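Undergrad: Sequence:
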Amino acid sequence: MPSMRSGRTYCCLALAALVTAPAVSNAQADPYLGPSIGVFFPSNSNLRDAMGDAWISFGASRVRLDPYAKQNVGFDWNAFSKDNDGNRVFMLVGSMGYTIPFSKPGDSMRPYLAVRGGLTYIDYAVNLTPANRVGGKKIGANANVEIGINVGDRLNVSARYDIMPSYDSLNFSGFSLALKWGIAKF
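Just so we're on the same page, this note's numbering is the position in the sequence shown counted from 1, plus 160.
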(Lines of atoms letter the chains of each structure in order from A and count residues from 1; the text may use other names and numbers.)
(Lines give C-alpha, C1' and ligand atoms only; values in the text may rest on other atoms or scores of the structure.)
Protein backbone atom coordinates (compact mmCIF):
# COMPACT_ATOMS: atom_id res chain seq x y z
CA MET A 1 0.00 0.00 0.00
CA PRO A 2 2.79 2.55 0.69
CA SER A 3 4.06 2.25 -2.91
CA MET A 4 0.57 2.95 -4.26
CA ARG A 5 0.30 6.09 -2.11
CA SER A 6 3.75 7.13 -3.27
CA GLY A 7 2.69 6.72 -6.92
CA ARG A 8 -0.42 8.81 -6.36
CA THR A 9 1.66 11.46 -4.60
CA TYR A 10 4.04 11.65 -7.57
CA CYS A 11 1.10 11.88 -9.99
CA CYS A 12 -0.47 14.70 -7.96
CA LEU A 13 2.87 16.54 -7.86
CA ALA A 14 3.29 16.08 -11.62
CA LEU A 15 -0.20 17.47 -12.23
CA ALA A 16 0.51 20.44 -9.95
CA ALA A 17 3.77 21.14 -11.80
CA LEU A 18 2.00 20.87 -15.16
CA VAL A 19 -0.68 23.31 -14.01
CA THR A 20 1.58 25.95 -12.42
CA ALA A 21 5.03 25.96 -14.03
CA PRO A 22 4.09 26.79 -17.64
CA ALA A 23 1.75 29.56 -16.52
CA VAL A 24 4.73 31.54 -15.24
CA SER A 25 6.67 31.27 -18.50
CA ASN A 26 3.59 31.94 -20.66
CA ALA A 27 2.70 35.01 -18.64
CA GLN A 28 5.83 36.68 -19.99
CA ALA A 29 5.06 35.82 -23.64
CA ASP A 30 1.30 36.43 -23.55
CA PRO A 31 0.16 39.78 -22.17
CA TYR A 32 -3.30 38.74 -20.89
CA LEU A 33 -4.36 35.91 -18.62
CA GLY A 34 -7.88 35.50 -17.34
CA PRO A 35 -10.86 33.34 -16.50
CA SER A 36 -12.87 31.16 -18.82
CA ILE A 37 -16.41 29.90 -18.42
CA GLY A 38 -18.32 27.50 -20.58
CA VAL A 39 -20.46 24.44 -20.99
CA PHE A 40 -19.23 20.82 -21.15
CA PHE A 41 -21.20 18.11 -22.98
CA PRO A 42 -20.06 14.58 -21.97
CA SER A 43 -19.97 12.06 -24.82
CA ASN A 44 -20.68 8.96 -22.67
CA SER A 45 -24.38 8.00 -22.43
CA ASN A 46 -23.96 6.47 -18.93
CA LEU A 47 -22.46 9.73 -17.70
CA ARG A 48 -25.17 11.84 -19.39
CA ASP A 49 -27.92 9.64 -17.91
CA ALA A 50 -26.54 10.03 -14.39
CA MET A 51 -25.33 13.64 -14.53
CA GLY A 52 -27.25 15.48 -17.24
CA ASP A 53 -26.43 16.63 -20.74
CA ALA A 54 -24.58 19.89 -19.95
CA TRP A 55 -22.13 20.89 -17.18
CA ILE A 56 -20.56 24.18 -16.18
CA SER A 57 -16.85 24.46 -16.94
CA PHE A 58 -14.37 27.00 -15.62
CA GLY A 59 -10.67 27.62 -15.89
CA ALA A 60 -7.89 30.08 -16.61
CA SER A 61 -6.05 30.63 -19.84
CA ARG A 62 -4.16 33.09 -21.95
CA VAL A 63 -6.15 35.11 -24.43
CA ARG A 64 -3.72 36.89 -26.75
CA LEU A 65 -1.56 34.73 -29.02
CA ASP A 66 2.08 35.83 -29.45
CA PRO A 67 3.77 35.66 -31.87
CA TYR A 68 0.91 35.89 -34.38
CA ALA A 69 2.81 34.67 -37.43
CA LYS A 70 3.95 31.24 -36.23
CA GLN A 71 2.90 28.38 -34.02
CA ASN A 72 3.86 28.48 -30.38
CA VAL A 73 3.70 26.37 -27.25
CA GLY A 74 0.66 27.03 -25.09
CA PHE A 75 -0.60 25.96 -21.70
CA ASP A 76 -4.05 25.89 -20.22
CA TRP A 77 -6.10 24.30 -17.49
CA ASN A 78 -9.78 23.63 -17.27
CA ALA A 79 -12.14 22.23 -14.66
CA PHE A 80 -15.47 20.53 -15.26
CA SER A 81 -17.89 19.90 -12.40
CA LYS A 82 -21.40 18.58 -11.91
CA ASP A 83 -23.62 17.46 -9.01
CA ASN A 84 -26.93 15.76 -9.76
CA ASP A 85 -29.18 13.71 -7.44
CA GLY A 86 -26.33 12.44 -5.25
CA ASN A 87 -24.02 11.88 -8.20
CA ARG A 88 -20.93 14.06 -8.50
CA VAL A 89 -18.03 14.49 -10.89
CA PHE A 90 -15.08 16.90 -10.76
CA MET A 91 -12.39 16.87 -13.47
CA LEU A 92 -9.28 19.05 -13.57
CA VAL A 93 -7.30 19.12 -16.82
CA GLY A 94 -3.83 20.63 -17.23
CA SER A 95 -2.37 20.46 -20.72
CA MET A 96 0.37 21.87 -22.97
CA GLY A 97 0.68 21.85 -26.72
CA TYR A 98 0.92 23.79 -29.94
CA THR A 99 -1.21 26.75 -30.92
CA ILE A 100 -1.37 27.61 -34.61
CA PRO A 101 -2.75 31.08 -35.43
CA PHE A 102 -4.45 31.67 -38.80
CA SER A 103 -4.00 35.44 -39.08
CA LYS A 104 -1.51 38.23 -39.58
CA PRO A 105 0.01 40.52 -36.94
CA GLY A 106 -2.39 43.33 -36.08
CA ASP A 107 -5.59 41.57 -37.22
CA SER A 108 -8.49 42.36 -34.88
CA MET A 109 -9.97 38.84 -35.24
CA ARG A 110 -7.50 35.98 -34.98
CA PRO A 111 -8.67 32.39 -35.50
CA TYR A 112 -6.44 29.56 -34.23
CA LEU A 113 -6.14 25.82 -33.69
CA ALA A 114 -4.60 24.29 -30.56
CA VAL A 115 -3.59 20.65 -30.01
CA ARG A 116 -2.55 19.71 -26.47
CA GLY A 117 -1.85 16.81 -24.14
CA GLY A 118 -1.51 16.51 -20.40
CA LEU A 119 -2.99 15.05 -17.24
CA THR A 120 -6.52 14.81 -15.88
CA TYR A 121 -7.58 14.41 -12.25
CA ILE A 122 -11.07 12.88 -11.97
CA ASP A 123 -13.04 12.61 -8.72
CA TYR A 124 -16.37 10.85 -9.23
CA ALA A 125 -19.21 9.04 -7.43
CA VAL A 126 -22.00 7.96 -9.77
CA ASN A 127 -25.00 5.61 -9.48
CA LEU A 128 -25.05 3.53 -12.68
CA THR A 129 -28.14 1.74 -11.35
CA PRO A 130 -29.84 1.96 -7.94
CA ALA A 131 -27.75 -1.03 -6.79
CA ASN A 132 -24.48 -0.13 -8.54
CA ARG A 133 -22.58 2.94 -7.34
CA VAL A 134 -19.08 3.51 -8.72
CA GLY A 135 -16.52 6.06 -7.68
CA GLY A 136 -12.90 6.94 -7.29
CA LYS A 137 -10.17 9.54 -7.52
CA LYS A 138 -8.03 8.93 -10.57
CA ILE A 139 -5.25 10.58 -12.54
CA GLY A 140 -4.93 9.82 -16.24
CA ALA A 141 -3.84 11.18 -19.59
CA ASN A 142 -5.69 13.83 -21.59
CA ALA A 143 -5.56 15.05 -25.16
CA ASN A 144 -7.58 17.95 -26.50
CA VAL A 145 -8.14 19.87 -29.70
CA GLU A 146 -9.45 23.43 -29.63
CA ILE A 147 -10.52 25.79 -32.37
CA GLY A 148 -11.28 29.37 -31.52
CA ILE A 149 -11.10 33.01 -32.35
CA ASN A 150 -9.56 35.91 -30.47
CA VAL A 151 -11.42 39.20 -30.77
CA GLY A 152 -9.13 42.09 -29.93
CA ASP A 153 -6.56 41.43 -27.24
CA ARG A 154 -8.86 40.23 -24.45
CA LEU A 155 -11.85 38.20 -25.70
CA ASN A 156 -11.78 34.59 -26.90
CA VAL A 157 -14.52 32.18 -27.99
CA SER A 158 -13.63 28.51 -28.49
CA ALA A 159 -14.91 24.99 -29.11
CA ARG A 160 -12.90 22.08 -27.70
CA TYR A 161 -12.97 18.30 -27.52
CA ASP A 162 -11.22 16.53 -24.61
CA ILE A 163 -10.27 12.86 -24.83
CA MET A 164 -10.15 11.54 -21.27
CA PRO A 165 -9.82 8.11 -19.67
CA SER A 166 -12.58 5.61 -18.91
CA TYR A 167 -13.20 4.20 -15.44
CA ASP A 168 -16.04 1.93 -14.23
CA SER A 169 -18.01 2.00 -17.53
CA LEU A 170 -17.77 5.80 -17.65
CA ASN A 171 -15.82 7.61 -20.34
CA PHE A 172 -15.14 11.18 -19.25
CA SER A 173 -14.45 12.60 -22.76
CA GLY A 174 -16.57 15.43 -24.09
CA PHE A 175 -17.09 18.61 -26.07
CA SER A 176 -17.07 22.10 -24.58
CA LEU A 177 -17.82 25.67 -25.61
CA ALA A 178 -16.02 28.43 -23.72
CA LEU A 179 -15.73 32.19 -23.42
CA LYS A 180 -12.41 33.56 -22.12
CA TRP A 181 -11.65 37.10 -21.04
CA GLY A 182 -8.17 38.46 -20.36
CA ILE A 183 -8.06 40.61 -17.24
CA ALA A 184 -4.48 40.41 -15.93
CA LYS A 185 -1.71 41.95 -17.98
CA PHE A 186 1.85 40.82 -17.39
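Certain hints may be false.
[As the list claims (entries may be wrong)] Cβ-Cβ distance ranges computed for the label pairs, FRET-style:
{"no.": "1", "residue 1": "216", "residue 2": "344", "range": "39 to 49 Å"}
{"no.": "2", "residue 1": "208", "residue 2": "265", "range": "34 to 44 Å"}
{"no.": "3", "residue 1": "317", "residue 2": "231", "range": "19 to 29 Å"}
{"no.": "4", "residue 1": "273", "residue 2": "201", "range": "36 to 46 Å"}
Source of the hints: derived by calculation from the structure; they are not laboratory data.
Model, not experiment: these values are computed from the prediction.
From the three backbone atoms N, C-alpha and C, an ideal C-beta is built for every residue, glycine too.
Undergrad: So, for every hint listed, does it hold in this structure?
TA: For each hint, the structure was consulted:
1. Checked against the hint of 39 to 49 Å, the C-beta distance between residue 216 and residue 344 comes to roughly 22 Å, which is inconsistent with it.
2. Against the hinted window of 34 to 44 Å, the Cβ-Cβ separation of residue 208 and residue 265 comes to about 43 Å, which satisfies the hint.
3. At about 20 Å, the CB distance of residue 317 to residue 231 agrees with the hint of 19 to 29 Å.
4. In this structure the supplied range 36 to 46 Å is violated for residue 273 paired with residue 201, their Cβ-Cβ distance being about 20 Å.
Violated hints, listed in ascending order, are 1 and 4; each of the other numbered hints is respected by the structure.
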